[in-house]
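Colleague: Note that the protein sequences, when read in sequence, are chains R and B. Numbering-wise (the UniProt record's numbering), the first sequence opens with residue 1 and increments by one. Numbering-wise (the UniProt record's numbering), the second sequence opens with residue 1 and increments by one.
Any given hint could turn out to be false.
[Said to hold, decoys possible] Below are the DSSO-like pairs computed for lysine-lysine, each with C-alpha atoms no more than 30 Å apart in a straight line:
#, chain 1, residue 1, chain 2, residue 2
1, B, K177, R, K41
2, B, K74, R, K177
3, B, K41, R, K177
No lab work stands behind these hints, which were simulated from the structure alone.
There are 2 protein chains.
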Amino acid sequence: MTPPDHIAVQDDAIAARLTPIADPLDPRIADYRDVRDRDLKGRGGLFMAEGAVVLRDMARSARFAFESVLITQKRVPAMTDWLAALPDAVAVYVAEGAVMDAIAGFPIHRGILALARRGEPIAPQILLDDAPAHALVLACFGITNHDNLGGIFRNAAAFGAAAILLDPQCCDPLYRKALRVSVGAAARVPFARLGPGPGDAGNACTLLRNHGFEPLALSPRGTLTLAQAAAHYQGRRALLLGSEGPGLAPDLIAAATSVRIDMAGDFDSLNVATTSGIALHALTRQAGG
Amino acid sequence: MTPPDHIAVQDDAIAARLTPIADPLDPRIADYRDVRDRDLKGRGGLFMAEGAVVLRDMARSARFAFESVLITQKRVPAMTDWLAALPDAVAVYVAEGAVMDAIAGFPIHRGILALARRGEPIAPQILLDDAPAHALVLACFGITNHDNLGGIFRNAAAFGAAAILLDPQCCDPLYRKALRVSVGAAARVPFARLGPGPGDAGNACTLLRNHGFEPLALSPRGTLTLAQAAAHYQGRRALLLGSEGPGLAPDLIAAATSVRIDMAGDFDSLNVATTSGIALHALTRQAGG
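Whole structure, please, built from the sequences with the hints as guidance.
Modeller: This is how it looks when you write it as structure tokens:
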């Protein structure tokens with residue numbers, strides 16, 4: 001069967017861009033070897049992203065520059081448009097699925113990986129200055145679980161949060177798993193690190209207030225319900241989230257307006273990503289209609 | 001150092017109940033071998049639960065009967081009260097941590113496993129009849145992911161949902177991982193399976209309406225917002241949840257009142273467990289204050 005013309009043309013245009021890889025030990029794809037080990041060690045200014053949805057999302061952002069791509073032959077047809085739009089300097093390696101799995105050290109079901117360069121770190125002040133008048137931002141403290149941080153970014157994107165601030169203890173939202181769980185949102189929602197100095201967590205509320213953001217700290221013993229906070233605060237707001245278990249530090253809660261999610265009483269337990277979704281929905285509902 | 005008297009007495013009382021296990025191949029603990037393989041095969045009328053929180057929760061329920069317990073020596077002191085309350089017929093095996101890990105086939109960080117008998121299946125009609133006048137129940141369709149189903153049960157418990165109905169495609173909430181992610185809620189919130197016959201999913205709305213429950217189907221194109229649904233329907237309500245991706249079947253949405261969660265517009269993506277949390281919070285807020 002002869003493929004239709006337009007497919008053939010696409011394939012020709014892309015074919016020149018592809019570097020076939022047959023040997024898992026080929027030095028050109030050394031960066032893709034033993035992906036999980038490298039995830040743990042970190043990659044300096046680079047990070048690894050996977051899956052078509054995440055990579056398409058990243059390509060729409062000016063914050064990242066792709067360094068290279070590793071794709072299975074089977075996935076090329078579905079990604080020709082995306083591959084064609086990559087700058088010429090980006091190497092595109094193509095391998096059989098089994099070779100790709102041997103390179104990565106485990107099965108890459110999504111069939112596409114890319115190495116990208118992080119943007120320069122942004123100061124929290126710049127993100128806060130740039131936010132709209134009724135912006136909602138998130139500030140995360142001690143979120144060390146990649147599933148939870150990924151889920152928080154996903155919810156932030158779904159409800160249009162303007163930015164996410166992360167204390168020094170939070171894990172990396174561009175870690176491969178966090179990025180995947182976020183369905184690419186970690187590459188969409190701007191984020192910045194809060195300073196690492198002692199007392200800086202407590203100063204987060206001062207920083208937020210100086211930029212006109214009301215800090216709303218989620219706590220089981222909060223003084224306002226979410227609905228009351230949504231009714232009272234409709235300008236710039238920051239939602240403060242702590243890790244499950246310890247929660248937010250008492251000094252942080254004391255320096256903020258504390259807000260609670262009313263529950264059934266005898267089972268006071270919500271996942272922190274779910275908590276962020278409930279609070280984002282409640283606080284953005286007024287604006288959203 | 002001599003331990004205080006009351007600790008010594010507790011230990012003596014418990015010591016007689018413990019059966020030490022030194023050999024991972026001891027036939028008495030055959031049910032605990034290769035836990036993950038057995039998880040996949042299923043255990044018939046039995047299920048495996050892990051961790052102190054889940055097991056303490058289960059002990060408060062009349063729905064389950066423990067068959068046996070496997071605990072590390074290190075964990076015994078923290079669980080003496082729970083162990084002492086077990087019926088005499090329940091065998092309690094105690095092993096060194098390394099032996100327990102060798103039995104299970106992977107590290108059991110929580111240090112305690114138990115084999116329990118499921119209660120008799122309950123008919124959905126009975127759960128719906130028994131629910132209070134303003135009850136909110138959940139009905140899940142095609143939730144095959146244990147993390148998601150566990151998260152849904154956790155949220156149901158947090159917001160006091162009266163029951164959960166599961167279509168035949170939903171995974172088992174008493175599967176070890178779902179139970180763990182639910183923080184024991186899968187053993188607290190009553191659940192029932194909807195019939196497996198063809199067309200039964202569509203009949204779910206008839207079943208619900210016959211019992212006075214308004215079926216509210218979550219859909220991105222729902223006609224009401226969550227807030228509107230919360231204001232309109234304050235009697236018995238059922239929240240219908242479909243799997244991420246395909247969502248609820250069109251016939252199910254057509255037979256129900258469809259409800260949407262308004263989002264930012266360009267990133268219409270929420271995890272189904274997070275969705276359940278947002279909807280439960282919105283629909284129970286009126287009653288909860």
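Colleague: Straight-line Cα separation of K177/B and K41/R no greater than 30 Å?
Modeller: It holds: about 28 Å lies between the C-alpha atoms, which stays within 30 Å.
Colleague: Are the Cα atoms of K74/B and K177/R separated by 30 Å or less?
Modeller: 33 Å, violated
Colleague: Decide if the proposed pair is consistent with the structure: K41/B and K177/R, CA atoms, cutoff 30 Å inclusive.
Modeller: Within the cut-off at roughly 28 Å; holds.
This entry does not satisfy hint 2, going by the numbered hints stated previously; all others are met.
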